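*Asks:* Let the hints inform the model, and build the full structure from the sequences given.
2 protein chains.
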Amino acid sequence: MSLHDDMLVVGQNAVEASRKMAQLASRKKNAILMSMAEELELSRDKLAIANKRDMDEGRNAGLNSSLLDRLELTPSRIDSMIKGLQAVASLGDPIGTQISSWLRPNGLEIVKERVPIGVIGIIYESRPNVTADTTALCLKTANAVILRGGKEAFHSNMAIAEALQIGGEKKGMPKNAVQLIDTIDREAVKELVQLTGLVDLVIPRGGETLIKAVTEMAHVPVIKHYKGVCHTYIDKAADLDKAKAIIVNAKCQRPGVCNAMETLLIHKDLLDTFVPAIVDVLKAEKVEIRGDEMVKAKCPDVQSATEEDWYAEYLDLILSIKIVDGVQEAIDHINKYGSKHSDAIISADAKAQELFVRDVDSATVYINASTRFTDGGEFGMGAEIGISTDKLHARGPMGLDELTTYKYIIYGDGQIRI
Amino acid sequence: MSLHDDMLVVGQNAVEASRKMAQLASRKKNAILMSMAEELELSRDKLAIANKRDMDEGRNAGLNSSLLDRLELTPSRIDSMIKGLQAVASLGDPIGTQISSWLRPNGLEIVKERVPIGVIGIIYESRPNVTADTTALCLKTANAVILRGGKEAFHSNMAIAEALQIGGEKKGMPKNAVQLIDTIDREAVKELVQLTGLVDLVIPRGGETLIKAVTEMAHVPVIKHYKGVCHTYIDKAADLDKAKAIIVNAKCQRPGVCNAMETLLIHKDLLDTFVPAIVDVLKAEKVEIRGDEMVKAKCPDVQSATEEDWYAEYLDLILSIKIVDGVQEAIDHINKYGSKHSDAIISADAKAQELFVRDVDSATVYINASTRFTDGGEFGMGAEIGISTDKLHARGPMGLDELTTYKYIIYGDGQIRI
Numbered sequence: 006m007s008l009h010d011d012m013l014v015v016g017q018n019a020v021e022a023s024r025k026m027a028q029l030a031s032r033k034k035n036a037i038l039m040s041m042a043e044e045l046e047l048s049r050d051k052l053a054i055a056n057k058r059d060m061d062e063g064r065n066a067g068l069n070s071s072l073l074d075r076l077e078l079t080p081s082r083i084d085s086m087i088k089g090l091q092a093v094a095s096l097g098d099p100i101g102t103q104i105s106s107w108l109r110p111n112g113l114e115i116v117k118e119r120v121p122i123g124v125i126g127i128i129y130e131s132r133p134n135v136t137a138d139t140t141a142l143c144l145k146t147a148n149a150v151i152l153r154g155g156k157e158a159f160h161s162n163m164a165i166a167e168a169l170q171i172g173g174e175k176k177g178m179p180k181n182a183v184q185l186i187d188t189i190d191r192e193a194v195k196e197l198v199q200l201t202g203l204v205d206l207v208i209p210r211g212g213e214t215l216i217k218a219v220t221e222m223a224h225v226p227v228i229k230h231y232k233g234v235c236h237t238y239i240d241k242a243a244d245l246d247k248a249k250a251i252i253v254n255a256k257c258q259r260p261g262v263c264n265a266m267e268t269l270l271i272h273k274d275l276l277d278t279f280v281p282a283i284v285d286v287l288k289a290e291k292v293e294i295r296g297d298e299m300v301k302a303k304c305p306d307v308q309s310a311t312e313e314d315w316y317a318e319y320l321d322l323i324l325s326i327k328i329v330d331g332v333q334e335a336i337d338h339i340n341k342y343g344s345k346h347s348d349a350i351i352s353a354d355a356k357a358q359e360l361f362v363r364d365v366d367s368a369t370v371y372i373n374a375s376t377r378f379t380d381g382g383e384f385g386m387g388a389e390i391g392i393s394t395d396k397l398h399a400r401g402p403m404g405l406d407e408l409t410t411y412k413y414i415i416y417g418d419g420q421i422r423i
Numbered sequence: 006m007s008l009h010d011d012m013l014v015v016g017q018n019a020v021e022a023s024r025k026m027a028q029l030a031s032r033k034k035n036a037i038l039m040s041m042a043e044e045l046e047l048s049r050d051k052l053a054i055a056n057k058r059d060m061d062e063g064r065n066a067g068l069n070s071s072l073l074d075r076l077e078l079t080p081s082r083i084d085s086m087i088k089g090l091q092a093v094a095s096l097g098d099p100i101g102t103q104i105s106s107w108l109r110p111n112g113l114e115i116v117k118e119r120v121p122i123g124v125i126g127i128i129y130e131s132r133p134n135v136t137a138d139t140t141a142l143c144l145k146t147a148n149a150v151i152l153r154g155g156k157e158a159f160h161s162n163m164a165i166a167e168a169l170q171i172g173g174e175k176k177g178m179p180k181n182a183v184q185l186i187d188t189i190d191r192e193a194v195k196e197l198v199q200l201t202g203l204v205d206l207v208i209p210r211g212g213e214t215l216i217k218a219v220t221e222m223a224h225v226p227v228i229k230h231y232k233g234v235c236h237t238y239i240d241k242a243a244d245l246d247k248a249k250a251i252i253v254n255a256k257c258q259r260p261g262v263c264n265a266m267e268t269l270l271i272h273k274d275l276l277d278t279f280v281p282a283i284v285d286v287l288k289a290e291k292v293e294i295r296g297d298e299m300v301k302a303k304c305p306d307v308q309s310a311t312e313e314d315w316y317a318e319y320l321d322l323i324l325s326i327k328i329v330d331g332v333q334e335a336i337d338h339i340n341k342y343g344s345k346h347s348d349a350i351i352s353a354d355a356k357a358q359e360l361f362v363r364d365v366d367s368a369t370v371y372i373n374a375s376t377r378f379t380d381g382g383e384f385g386m387g388a389e390i391g392i393s394t395d396k397l398h399a400r401g402p403m404g405l406d407e408l409t410t411y412k413y414i415i416y417g418d419g420q421i422r423i
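One line per chain: the protein sequences are A and B, in this order.
Under our numbering, the residues of the first sequence are numbered 6 to 423, in order.
Under our numbering, the residues of the second sequence are numbered 6 to 423, in order.
Treat the hints as calculated values from the structure; they're not laboratory data.
Predicted, not measured: the structure shown is a model, and the values here were computed from it.
Be a bit skeptical, because a hint or two may be false.
Which copy is meant is left open, because identical chains are indistinguishable; a pair holds if it fits in one copy or across any two.
Claimed, not checked - Below, simulated EDC-like cross-link-like pairs (lysine to aspartate or glutamate); rule was C-alpha separation at most 20 Å, straight line:
| # | residue 1 | residue 2 |
| --- | --- | --- |
| 1 | Lys156 | Asp190 |
| 2 | Lys241 | Asp277 |
| 3 | Lys195 | Glu221 |
| 4 | Lys117 | Asp406 |
| 5 | Lys356 | Glu318 |
| 6 | Lys217 | Glu196 |
| 7 | Lys33 | Asp406 |
| 8 | Lys291 | Asp84 |
| 9 | Lys117 | Glu383 |
| 10 | Lys273 | Asp246 |
*Replies:* The following block contains the structure:
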């Protein structure tokens, strides 16, 4: 069979499995997740062997240390996968809940009910834990999942997926509810994202290059975020102590993540005193500063920001700083250079807050808080499958609800249309 | 400039206009819609001249009578466009409404608020009224709209769009909030649906060929329905008088629409008496019947259904009838041959109803009612931009809410992540 035919079978099997998944009661789905956790526990040796193979091949292929780190399945990372499955099992089940209902004058009762999406494809890179984490969320919401991990993690992913399948099937998981694509042929990704009518949604997780490639090839819906170029705007009416704490937190607490701040916008009235002060604070935190001309004039030892800096997602202890005329220039800058992810205003001025919140076209907009809170856990969702900077279906942190769709059920008593 | 550059400018202008649209209060948006209605009223002569030109060119190009009918802008169709704009103005405004909100233990208040999607592209065929109808819905929800109508209706669409622009701008509509693509070059559609980062959503409206082409070319999200192959399943526990009335209604009340029934599934226990009776009733309504072998054996004068009949959207007084073993076979048939649009079960058996509702994978599932109710108006939405058989973002009839997305607004007091 050709790769095309192989992938068609994968898709058809997933559809069949998704129909059976949708019939499972919550306790059945939870038992499947708990059994998967148990099977991972029993498979620690197998996982270690498979991961060693990937690590050895990775070292031979000359992967850099950061890639090798992401690839490694340490015992504590296996613990996390196990705990993740158990945690998702303990969450409430959105499937079957009523979103709304109403009665029409002709007596028809319309019920909008949450149902599974169907078949979800996950395309990811080198972290093998994604295999277990995303499977848990997809199965909890009664979807079938097709996994496609990075080729560096091939053996690790195969071992994890096998444990999940064995554990799940022990408790009645439909065959093919979890499928891992067992080829490293890159064409398989293209085939997967073009399975119109079989795959309902693809979620790519990884770097911008992967996500762009998936999106451009896809004929099925894709939810994604390319990057997080997050801003904090310090208004002239800001509480400057709070501003300082928020700036340091947003930039330094974990600089390598998508909700960390990359550009700081400061009101021009704060140039003389606040700017030099915050530059000193950030330098003490080992942050490299790239300032516009006004910042440079005030603090001659910072680097000059170029046009590219305003677009940059550093994911590192680097920060660009720009002086703005006021909230409108801050908004315009963010809408031009930002990534529609997370942006904050620090201000006590209600009018400035209101303009910022209305006009910044981002998934998550903060007033007087750090952008680092854009995260399913911090939002109280219990779990997160990713963050969307798209506007359709899901925006911002995506939890279990975002892995569902709805169906209209109409209860009648013989009604016909007149 | 190249077509690519032209379309880029169209997209950029739309983004700019959408930002301004999002700032308008409800009463401002309503005044714009009312003023558009007034301007259409004043433009009746211009519209008639433009439409005559399209009709003349259409006749010369040999368009068939059904196409010419769709193309014609009669005075009563102009009335409908005017009333449509006024009706949308009078609807409630979803923008700015709070979908949900909650407080986190750290004091952060998270508000999920309905906001415009941004820029919406509408690609449609020969009916020029779509120009006004979709513009009304997009502007009410503070989106900018890019319109691309069929080439047959080019002059009519230009005249309508011009009236809408003049009327809207009289009441402060941002420039470029309504743009009609002013070339009939087919490549423009491709450029439009690939304006990633500028166009947020494309809704194609028309035949399956158009929709498939748009979907395959698109890099931006598309919401659509290809066709409506709607089923009614008559269970052995059906009230047969109600069943008869529903069957006749679903097939005959308006056979040319997507929510009309195309295939009737009947429980085998009803073969001896109900099947001949319903066949007679349908024949009296001038319906051509295509039956499976069991139906043929009972009613030898009906035609034989082929495999293609089960997939067919007749949009005409033609009906395929199949005898099934029970609710499970009905479900399997619908999931295999259907279009995920609207399907009904007629039964008094709670167990059969439950299985049907859970396992039929369609946007709208009916118990004891006609599938003809799948319609924004019948659902009480006040307006409809289309029906989605997709599962992401919107499913079933789409009203104003489905032309919105949401934004998370987080109110803090200096919170940082620990």
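*Asks:* Please work out whether the CA atoms of Lys156 and Asp190 approach to 20 Å or closer within one copy, between two copies, in both situations, or in neither?
*Replies:* within (9 Å within a copy, 43 Å between copies)
*Asks:* Taking 20 Å as the upper bound on the Cα-Cα distance, should Lys33 and Asp406 be classified as within, between, both, or neither?
*Replies:* within (19 Å within a copy, 35 Å between copies)
*Asks:* One pair to classify: Lys273 and Asp246, alpha carbons no more than 20 Å apart. Within, between, both, or neither?
*Replies:* For Lys273 and Asp246, only the intra-copy Cα distance (18 Å) is at most 20 Å; the inter-copy one is 77 Å.
*Asks:* With identical chains, the pair Lys241 and Asp277 could be close in the same copy or across copies; at 20 Å between alpha carbons, which is it: within, between, both, or neither?
*Replies:* within (12 Å within a copy, 83 Å between copies)
*Asks:* Could you place Lys195 and Glu221 in one of the four classes (within, between, both, neither) given a Cα distance threshold of 20 Å?
*Replies:* Both: 10 Å inside a chain and 13 Å across chains, each within 20 Å.
*Asks:* First find the shortest C-alpha distance between Lys117 and Asp406 inside one copy, then the shortest across copies, and answer within, between, both or neither for a cut-off of 20 Å.
*Replies:* both (14 Å within a copy, 14 Å between copies)
*Asks:* Is it within, between, both, or neither for Lys356 and Glu318, if the alpha carbons may be no more than 20 Å apart?
*Replies:* neither (30 Å within a copy, 55 Å between copies)
*Asks:* Within a copy, between copies, both or neither: where do Lys291 and Asp84 come within 20 Å Cα-Cα?
*Replies:* neither (33 Å within a copy, 68 Å between copies)
*Asks:* From the Cα coordinates, with 20 Å as the cut-off, is the pair Lys117 and Glu383 best called within, between, both, or neither?
*Replies:* between (28 Å within a copy, 15 Å between copies)
*Asks:* Classify it for me, Lys217 with Glu196: is the Cα-Cα distance of at most 20 Å met within a copy, between copies, both or neither?
*Replies:* both (16 Å within a copy, 17 Å between copies)
Hints 5 and 8, counting from the list given before, are not met by this structure.
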